[in-house]
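J.: Sequence:
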Amino acid sequence: RRLKLCLAIIKEIQTCDISNRSAVALVSRIAQELGSFPTSHLVAIAEACVDFIRSSESDSQTSWKDLLPKVLSEVDLHREVEYAGAEMSGSEFKQRIIQVICSSTWNPGIVTSLAAMFIEIQLTEEEHQQVVNKLCTYFDKMSPQEIPPLIHQMLILCKNQHGVTVFLSLRRYFSSKIYKKQDAPEDLDSITGISESDSKEISDCESMVLYHTEESAKLSRGCVTDLLRFTKNCVSIPEIILDPFLLAVLLSLSTISSYEQQVMETLKNAILRSAQEEERRRESAWLRQMVSPQNDFNEVLVKLIQSNVCTRDKVLKGLVNFCMSLLNIQPSKNKEGTAEILWKYGRHSLVYVVKRHRQVAQTVLQTLTDHIITGQNVTQYTDCLVKLCSVAPLVVIDNLLILLRLLDFLGQLPPAIARRVITAVLSLVRISTKLRDSFILILRKALFSREIETRKIAVMGFLQLLKLLKVKGLAALSQSEQSFSGPSVFTQICMEVHTQSSNSNSSSNEAICLEVLGVLRRCFMQQAPVKICLYQGLYDALCRNPELCSSVMDSLLEHFNQFYPQDQNTLPPIEISKAIIIQGAEIVLQEPVGKLVFVMQQVALKALDVYGEDDQPRSLDKLRAILDSLAARYSQCDLIHFELDENTNFLDILPETLKMQEIVRQTIGVYQALTAYTVNAWTPACDVQQGQKLLGLFKAQNLLVDYVKNCKPAKKEAGAGKKDKEKNAGLKKPPMFKLPETVLDFSSVYRLLTLHLSEDVLWATDESIEDVRTRRPLFRYATQTALEVVQLSKAQITVCKSSTLLKPIMELARLLYERCLKRYNEVSQFENNAAVSCIECLYELLSLLFTHFSQISPILAEIVGVESDKDLVMQLKPIIKAFQQLLVDIISQEDDEDNVLDKQLLHVIISSLSLLALKLPADHAYTVKLLDWLTDFALKRNLPTIPLTKSYLTLLLAMVARCKAEASLLDSIAIQLSHLFGSVNEVEVEESPLSLSLVTDTTMAVALPLLCNNISASLDQVEWLVARLRAELATVMLPGVTGNSPRSRRERICRQEKNVVSQLGHCVNVTQSLCCVAVPTGPCTEAVFRLLSRSYTVLTALTKYFTSKCSPQCVDYQHARFGKLVKLAGSHLSSQVADLILYVEELGKDTKDKKVKEAQVLSQARKQAVYIPRLVSDLENFSKAVTLLSKKCKDDGLTTNMKLTTTRDFRINTKKLQEVMRRNHEGGSDDEDMEVSNVQPSQGNSSVVRGKENEPQVSQRERGNSSQPPAKKLRSK
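Using our numbering, read the sequence shown as starting at 1 and increasing by one per residue.
Incorrect hints may appear among the rest.
Unchecked claim - Ranges of calculated distance between the beta carbons of each label pair, as one might list FRET restraints:
{"no.": "1", "residue 1": "I397", "residue 2": "K445", "range": "21 to 31 angstroms"}
{"no.": "2", "residue 1": "M1037", "residue 2": "K940", "range": "51 to 61 angstroms"}
{"no.": "3", "residue 1": "A625", "residue 2": "F830", "range": "33 to 43 angstroms"}
{"no.": "4", "residue 1": "K141", "residue 2": "S857", "range": "47 to 57 angstroms"}
Hints in this document: simulated from the structure, not taken from any laboratory. A quick note: this is a predicted structure, and the numbers were derived from the prediction, not measured. Glycine residues also receive a C-beta, built at the ideal position from the N, C-alpha and C atoms.
Assemble the whole structure, with the sequences as input and the hints as a guide.
T.: In structure tokens form, the structure reads like this:
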């Protein structure tokens, strides 16, 4: 009767609309009486609850929620329970009930109540896993509003175990509901997702889930700790961690101090691992087959930042802190590339966050400026600031005070950092008048700094400002001289900045430009480095504002007249001696005259384009007259005009001589500037004499250059006095004269080369250039100068904007490609040196383009002359084909083998092929075709020098790794090296199927280390995949990791294990071939031993992986054929290692020269003390790992394949002992003592144990078995 009453009450609560308070009271009353119920009644109540669970449709029908856990708890105390006609224990009954509940179909409305119910039930680990998996399957069946309450209950349920399953299921859920929708197409027909209101509901759901996760973390629940441990272990499979939802979870957890460091390190390692894996996939065809491409981390971050969850304060704060932590990474030695990768991600992410969420801009800018002001190497912060100012200028302007504070410290910053800060500020000058005025005042202050570098920065800032402030109509420029006599325009602007209207901005630009020119006039009184900075940037500023040419010409003429005598018959026409002063024993250059004349001709030609021939200002007429006069008179100068002759002591160290040297340097610069003027001013209207002017200047310049090149130190007079000797005693040894850097730019050298290479010169007549084309020295000078200009631009491109140099670089590269590379034979027949310089110049240009420009495809299309919509292969193919043909032509020539030019050209060709071939997509058919051509060339051709062979083999091996997963070429090279070097143990080596003509007796010492490095790189890829497999093995049973089932994941892992064993077996085979090589001492020996150590290290890692996975019931290593690999490495390779160590220890002992022998033995001993013990240790570690796997899986077959290592044992050199015995037998017993003493035991760690003089050495084991007692030691008194 009591049972019926309870069941009726439960049914009534389940079916009728009873208040929650009443229902709880009734259930509690029943629960109080459960202890007095017999077992059969408890079973009946439990069955009723199960039936109600199946029939419940809403959260209001949950009378069983509080009752069933107490019923099962009571039943669990009973030893015998009768259920379904069978007797069982209480715990078995509880397990049966839980299985029935989990196998039932639930209504989504009661899932949250079920989760709350399971919290009160004590579950085993298997039951808990089953319950959690069942609950996770209902995420997709529930509405977004129902998910957060369920997650709240599940986090409590999983506080000690299986919390990772919940987070991975949420990862799958939100990825399908939110983040994959962002990649969906926009057209209506293809959108099958949720509506906008549902999208908001899901975003709110995600925010609430993050809130519950944060609360769990504050309560230190184990589910959060499990998640962090899981992500740390999954760093080797970064695509699991680098997911928008998991990133949001981890970033919100990072705001809790106890988790911050762990989260940041995990995310950094995952990002770095992802980037490195993508790089490895590009370099290894085998790894591309094993690992599928992953999403770029930038895309993942963009999805996260665009989502609504990023508006949560903690997620946003964690994201900003994480980006800053990426920028805070300091590069370690030999790992600068690692830091660059993390800086790039941090910079891009931070900029996008600030642009999307403006509320963090103040924090970000404050942190960036603090690091820039207080740090030393802070290029990553300045790069981020530059990017931020260019992408989100209005956001930065809203926080102007922070930027102004940074500008106050401009003079105290390192020069490179200050330049980057100026670049960042200049992008904001047009927007903010206040910033512009403050910036100008700070630059004026910096112009009067004590430090020359600070003044150079100020000049650069002013010149950049001139380029930014576009002058529209500068009518006041004709009165520019009067504009400087009144009060400072800067002062007026600062006073009127708040009263001016927006219409006055254009007029203020004119006033600022005039004032800037007035300030820059003061640079003529500065030191030479400051003037050089002014001259180098002045022309670019005028290109932006050509209306300023008149004022600039006036200033230049006024300054140049100091060194320009009025007498038109004076030779030389410039008094360069006035530009150089003597201070003590040193000279100081006050005016870089060559740079000055060069900028004068640039300004003059620019003004000529602006004003034309008819309406020229007086300053332009004067400037052109001066330049024409300089060109004419410098053509007439001889050595005597520069006070130079055969008796001049030009290489002395006296101050007067040093001044003369500097005068010559500046004179050469003037010649170069006038050459540029003559070429740049050349038009079709010029007469035939224009070419003669150019040749006259070059002849005079060449006369001066030849003199200083051939000049020799003066001989000391025999009767030199004592006073002269004492006077020169404190002076330094005279240095060799160094020619100055060229003052020419891309435009000038392009025109010079066009004169010689182009058939149709549009800016000159055929008659005027006919004589110029035939002058080989001029052509040679033009190509060498072009190469120098390109090399100098590599340093400049890191300071100035790379875009300013892009157009001239493309023009010059196109000229060299079309007119030299494709017509090399024709050019080389005219001037071989110049042709080689052209090819080298083209290589430097291509290298510069690939290094500093990301969008390379349209650039190459312009150079080659193909459509820009073609792929990269079609753009690189013509250049590569041209270099291939040139390489074959040079090798086919029957010239002198000692031809230095051909060797130099071959080096440039191979370097160019390496540069271009490694940019090709590895999977493209043309890349494979190029590899076949490279291989065929190596089989049939030879190169004249060892460095060339090394460069070519490096390219060939890199292409083999990129394009072919299984390369038989490596086996062939290893066998070929065995034939060339000889064998350690004199075994017969098989014949190589392929024999490279490049690998000969002279080049084998270079080929061996290259092959060892290539195999080591393959071993690195294997070790990388083993680490990935280890991480995947830990996640194979977890739901939500991938879309595949656990079974398919296990099958994929088994396939990858087979491939790993196969690849490692291939590497071990090649290593075994190299281990038999009788290598000489030096780099070859070290390379082989490093390879052997690396092989055993990777073998040990794979063995430990199988040890962690396998058991007597699961022997997956057998399916992967790991036993064969153990036999190969543990038996065959180990025996070869022992012979190799014995052979290496004996090297150098046969040297006859005692001094040389001692030095060699000492050097060998030092190196062997490092790499031989390391190899022995790695070999023993592998043996131990195999033994452990054998014991765990009870497989004795593994240990039988392992040969016990004897490298640490005392060994008798059997061959040498037999030789000694033979000699003793032939020569009698007289020499027995001397011969037997040469037989020494060899040990893995290079120790030597000496026996008695007249006895061969035996091992300690043999001594222990001997019946003869050891000799007693003499006691010393």
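J.: All hints are to be evaluated individually against the structure, with a verdict given for each.
T.: Do the hints match the structure? See the list:
{"no.": "1", "hint": "I397 - K445: 21 to 31 angstroms", "in the structure": "23 angstroms, holds"}
{"no.": "2", "hint": "M1037 - K940: 51 to 61 angstroms", "in the structure": "55 angstroms, holds"}
{"no.": "3", "hint": "A625 - F830: 33 to 43 angstroms", "in the structure": "37 angstroms, holds"}
{"no.": "4", "hint": "K141 - S857: 47 to 57 angstroms", "in the structure": "48 angstroms, holds"}
Violation of the numbered hints given earlier is absent; every hint is satisfied by the structure.
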